[in-house]
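Chemist: Given only the sequences and the hints, what does the whole structure look like? Please build it.
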Amino acid sequence: MASTIPEHNVLIVDMSAPFGWTSSPAYYGAVGGAISWLVGRESPASMDPNSTDMDTFYPYEWVDDHVMVEPDRGNRLQLANETLRIAMLAVLGPSAINDKKYSTWETRLQVLGLSFDTVKRTISMPQAKIRKALHRVQKRQLKTRGTGPNCNKLSEVSGTIRVPRHGTIPLEQSMRLDLQWFKLILSRGQLQNLPLSQFTKSQPPDVHLYMDASNSGLAVLNPAEKQFIQVKFDEHEQELIQPTTGTDGFTINVWEQLCMALAVWCFGPDWKRKTLSRITYVQAWSDNTSAISWTTRCSSRNRMAQGINIAIGLAEAIYGVRRSCGHLPGSINTMADAGSRACTPHHAKVWSNLSSVLAGPRSCRYPQDLHNLLTQLQSYSLAPGSRLKYEATWRRWSSWCEKRGYSQWLPENVQRHSYQLILFAIKYWYMGSTSGQTFAIGTVLSALSHIAWYHKRERGYSVSLHAGHEMALRGMQRLSPPSKQKLPITKEILRAMRQQLDFRKTHDRVLWGLRSWVSSLYSDARTDGKKVKPYIVQAADVIFSNDSGSTTTRLEDAVAVTILFRGSKTDQAGASTSRSLHRSGSKWLCPVLAAWEHKSHAMQAGPGLALCSFNSSTVLTANSLSTAIKSAVTSVGADPTQFGSHSMRSGGATAMFSAGVDRLTIKLFGRWSSDTYERYTRINELAS
Numbered sequence: 001m002a003s004t005i006p007e008h009n010v011l012i013v014d015m016s017a018p019f020g021w022t023s024s025p026a027y028y029g030a031v032g033g034a035i036s037w038l039v040g041r042e043s044p045a046s047m048d049p050n051s052t053d054m055d056t057f058y059p060y061e062w063v064d065d066h067v068m069v070e071p072d073r074g075n076r077l078q079l080a081n082e083t084l085r086i087a088m089l090a091v092l093g094p095s096a097i098n099d100k101k102y103s104t105w106e107t108r109l110q111v112l113g114l115s116f117d118t119v120k121r122t123i124s125m126p127q128a129k130i131r132k133a134l135h136r137v138q139k140r141q142l143k144t145r146g147t148g149p150n151c152n153k154l155s156e157v158s159g160t161i162r163v164p165r166h167g168t169i170p171l172e173q174s175m176r177l178d179l180q181w182f183k184l185i186l187s188r189g190q191l192q193n194l195p196l197s198q199f200t201k202s203q204p205p206d207v208h209l210y211m212d213a214s215n216s217g218l219a220v221l222n223p224a225e226k227q228f229i230q231v232k233f234d235e236h237e238q239e240l241i242q243p244t245t246g247t248d249g250f251t252i253n254v255w256e257q258l259c260m261a262l263a264v265w266c267f268g269p270d271w272k273r274k275t276l277s278r279i280t281y282v283q284a285w286s287d288n289t290s291a292i293s294w295t296t297r298c299s300s301r302n303r304m305a306q307g308i309n310i311a312i313g314l315a316e317a318i319y320g321v322r323r324s325c326g327h328l329p330g331s332i333n334t335m336a337d338a339g340s341r342a343c344t345p346h347h348a349k350v351w352s353n354l355s356s357v358l359a360g361p362r363s364c365r366y367p368q369d370l371h372n373l374l375t376q377l378q379s380y381s382l383a384p385g386s387r388l389k390y391e392a393t394w395r396r397w398s399s400w401c402e403k404r405g406y407s408q409w410l411p412e413n414v415q416r417h418s419y420q421l422i423l424f425a426i427k428y429w430y431m432g433s434t435s436g437q438t439f440a441i442g443t444v445l446s447a448l449s450h451i452a453w454y455h456k457r458e459r460g461y462s463v464s465l466h467a468g469h470e471m472a473l474r475g476m477q478r479l480s481p482p483s484k485q486k487l488p489i490t491k492e493i494l495r496a497m498r499q500q501l502d503f504r505k506t507h508d509r510v511l512w513g514l515r516s517w518v519s520s521l522y523s524d525a526r527t528d529g530k531k532v533k534p535y536i537v538q539a540a541d542v543i544f545s546n547d548s549g550s551t552t553t554r555l556e557d558a559v560a561v562t563i564l565f566r567g568s569k570t571d572q573a574g575a576s577t578s579r580s581l582h583r584s585g586s587k588w589l590c591p592v593l594a595a596w597e598h599k600s601h602a603m604q605a606g607p608g609l610a611l612c613s614f615n616s617s618t619v620l621t622a623n624s625l626s627t628a629i630k631s632a633v634t635s636v637g638a639d640p641t642q643f644g645s646h647s648m649r650s651g652g653a654t655a656m657f658s659a660g661v662d663r664l665t666i667k668l669f670g671r672w673s674s675d676t677y678e679r680y681t682r683i684n685e686l687a688s
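Position one of the sequence shown corresponds to residue 1 (the working numbering), numbered consecutively onward.
Hints were generated in silico from the structure; no laboratory data involved. Be a bit skeptical, because a hint or two may be false.
In silico PhoX-like pairs for lysine-lysine, Cα to Cα no more than 25 angstroms straight-line [unchecked claim]: (1) 349 - 226; (2) 143 - 132; (3) 427 - 456; (4) 505 - 587; (5) 226 - 183; (6) 139 - 129; (7) 129 - 101; (8) 132 - 403; (9) 129 - 143; (10) 232 - 349; (11) 486 - 630; (12) 403 - 274; (13) 143 - 183; (14) 427 - 389; (15) 129 - 183; (16) 491 - 274; (17) 274 - 120; (18) 183 - 132; (19) 427 - 403; (20) 587 - 491; (21) 456 - 389; (22) 403 - 129; (23) 491 - 505; (24) 183 - 403.
Being a predicted model, the structure only gives us computed values, none of them experimental.
Modeler: Structure (structure tokens):
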């Protein structure tokens, strides 16, 4: 800023204009540089005769801000602080010191709008800054026009072409896509705890990629993991190549950038899963020096390259990738060169020979029919009745991971995957139920076993919680309310149920007939209302026998009935078994008479019809049985919420215990696979 006083022939120039005025930053920068130069000449030994530390101080300034970064040894921090003060006094005079502007020495400090942690050696963008940037992006998305400076700020980030500074311009679709891209990076990008080594290039590469592109296609090799990407350009892409001239269009530099984009998006999820909490440093090698410059700077005037750069930047943010490119002579990059040209006979032979080193589980060409059989056998390790529950758990797990930016595939090391697994378990236990109550601990454990099953099938290893996180499960068990077992059916309830049924209706006759076998049959005779199970009892599975044990087709000769069970939801091996019952002597509750009625009705439509069906297309459901039970319970003045279809199971086991039947017989007759049946008995209630 300057002015003149003509009458006195005086010219006044103010070089200390407020910030934002012409030449002001340069003025402050010159003064700041002078101060830093003085600080950088000194060391603790030069400032304190008793010190032997001769390492000079590290001076850094940004315009008029000075940032001191020093190791904490001896009195070095105090001397560095005093050195800066003396340098400021020497350059700016005694009025330059403002103690309020000095911060204390910290290992965690926010400088230049970023948070530094010198112990962890990380840098983070503060959450408040991220929220502010997101708000500005979302606000700008709602506008139809934008100013030149605002649009150019976005172009600096996205690497797209700048627009005129002055005036306003319409927000085109490409600009809106850039805003959407920037919003994704801010919301999903890894902007916390970034290692400082990635900015100093001191981090050794985690991955080495070798890539090459030609007018035939492209190839990217990841030898350490025995992976490769190979693309042959189709007719449309070949048409884009032919007319390309100059620096625009589908040029060779764009092909090389496409290699990097494909690599980051294809391999990125695996890199993120393996590194989990840190940045993956990828070193790419190519024999195209021009493409290396494009990819390293991630900036180009080529429109196709701009779109690819945007894709690379988004993948880097989401998957936590830091990449750099280096030059490799074409005479050394032989394998990638052959891979990009493998469609020609000569290079196809070279590629075939060299790519044999990549042969492994991912690329070895076993017969497809054997691979399909392997997949089927893995699926058959799960009982058909359990598959829907496992799939539902996996969908819930995948959705939860996706919302939080986690990979659904956990690393093999339990110390690295246990934390993510226990967080899901807590969420599942505390907020998973739609009734507002926590899930039972058994339900949570089942969900964790479902996730482990998918990892064993797809990744070849199981996942679990370490000992510390298992303590949280015990805490859930203590806080969870005890499970409420259904009360057993009594004779009084059975009589009430029989009185309410209309035996002129086929549905009611089938339902009552089912009750005669319910202690061992009901779960395999009816459907769940959604799908008929493959192991449901059919009419052909029922056989009647006479006094001598021979098969009979006459009701008056039948003294016993045997039913073949071809499987169950708890029968993992699909082994069949049979159970027999004799006449009870009762006309209103007899297993032989009930089975005869069922089979006679079902055989009219064919032996393949389900035993508990009341027409050719409808099978008795669990809901109808439960509704009939609750209605009968209500009529006798009991609480219907304490009864259900499992009350039949409980009633059968309780009656057998009361009759003096031993435990093993009850377990075998009821086809229990464990001692769980003991929880269904209510001996105490009967004894009282």
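Chemist: Take the hints in turn and mark each one as holding or not.
Modeler: Here is what the structure says about each hint:
1. Restraint check: the Cα-Cα separation between residue 349 and residue 226 comes to about 19 angstroms, which is no more than 25 angstroms; the hinted pair holds.
2. Annotation: proposed proximity of residue 143 to residue 132 holds, straight-line Cα distance about 17 angstroms (limit 25 angstroms).
3. The suggested pairing of residue 427 with residue 456 holds, with an alpha-carbon distance near 23 angstroms, which does not exceed 25 angstroms.
4. Straight-line distance between C-alpha atoms of residue 505 and residue 587 comes to about 19 angstroms, which keeps the hinted pair within the 25 angstroms bound.
5. Note on residue 226 and residue 183: the hinted pairing is violated, with a Cα-Cα distance of about 35 angstroms set against a maximum of 25 angstroms.
6. Of the supplied pair hints, the one linking residue 139 and residue 129 holds, its CA atoms being roughly 15 angstroms apart against a limit of 25 angstroms.
7. For a cut-off of 25 angstroms, the pair hint linking residue 129 to residue 101 stands: about 22 angstroms separates their Cα positions.
8. Taking the CA atoms of residue 132 and residue 403, the gap is about 21 angstroms. The hint holds against a cut of 25 angstroms.
9. With a C-alpha separation of about 22 angstroms, the suggested pair residue 129 and residue 143 falls inside the 25 angstroms cut-off, and the hint holds.
10. Restraint check: the Cα-Cα separation between residue 232 and residue 349 comes to about 16 angstroms, which is no more than 25 angstroms; the hinted pair holds.
11. Restraint check for residue 486 and residue 630: satisfied, since their Cα atoms lie roughly 12 angstroms apart, inside the 25 angstroms limit.
12. Between residue 403 and residue 274 the CA atoms are separated by roughly 20 angstroms; this keeps the pair inside 25 angstroms, and the hint holds.
13. With a C-alpha separation of about 15 angstroms, the suggested pairing of residue 143 with residue 183 holds against the 25 angstroms cut-off.
14. Distance hint between residue 427 and residue 389 is fulfilled; the C-alpha atoms sit about 18 angstroms from each other, no more than 25 angstroms.
15. For the given pair, residue 129 sits about 13 angstroms from residue 183 by alpha-carbon distance, which is consistent with the 25 angstroms threshold.
16. Annotation: proposed proximity of residue 491 to residue 274 is violated, straight-line Cα distance about 62 angstroms (limit 25 angstroms).
17. Using a Cα cut-off of 25 angstroms, the hinted pair residue 274 and residue 120 holds, with the two alpha carbons roughly 20 angstroms apart.
18. Between residue 183 and residue 132 the alpha-carbon distance is near 11 angstroms, which keeps this suggested pair within the 25 angstroms criterion.
19. At most 25 angstroms may separate the alpha-carbon atoms for a hinted pair to count; residue 427 and residue 403 meet this at roughly 13 angstroms.
20. Distance hint between residue 587 and residue 491 is fulfilled; the C-alpha atoms sit about 15 angstroms from each other, no more than 25 angstroms.
21. Of the supplied pair hints, the one linking residue 456 and residue 389 holds, its CA atoms being roughly 17 angstroms apart against a limit of 25 angstroms.
22. The hinted pair formed by residue 403 and residue 129 meets the criterion: a straight-line CA distance of about 21 angstroms does not exceed 25 angstroms.
23. Distance restraint check for residue 491 and residue 505: the Cα-Cα separation of roughly 23 angstroms lies within the 25 angstroms cut-off, and the hinted pair is therefore satisfied.
24. Taking the CA atoms of residue 183 and residue 403, the gap is near 15 angstroms; set against the 25 angstroms cutoff, the hint holds.
In summary, the structure is inconsistent with hints 5, 16 from the numbered list given earlier, while agreeing with the others.
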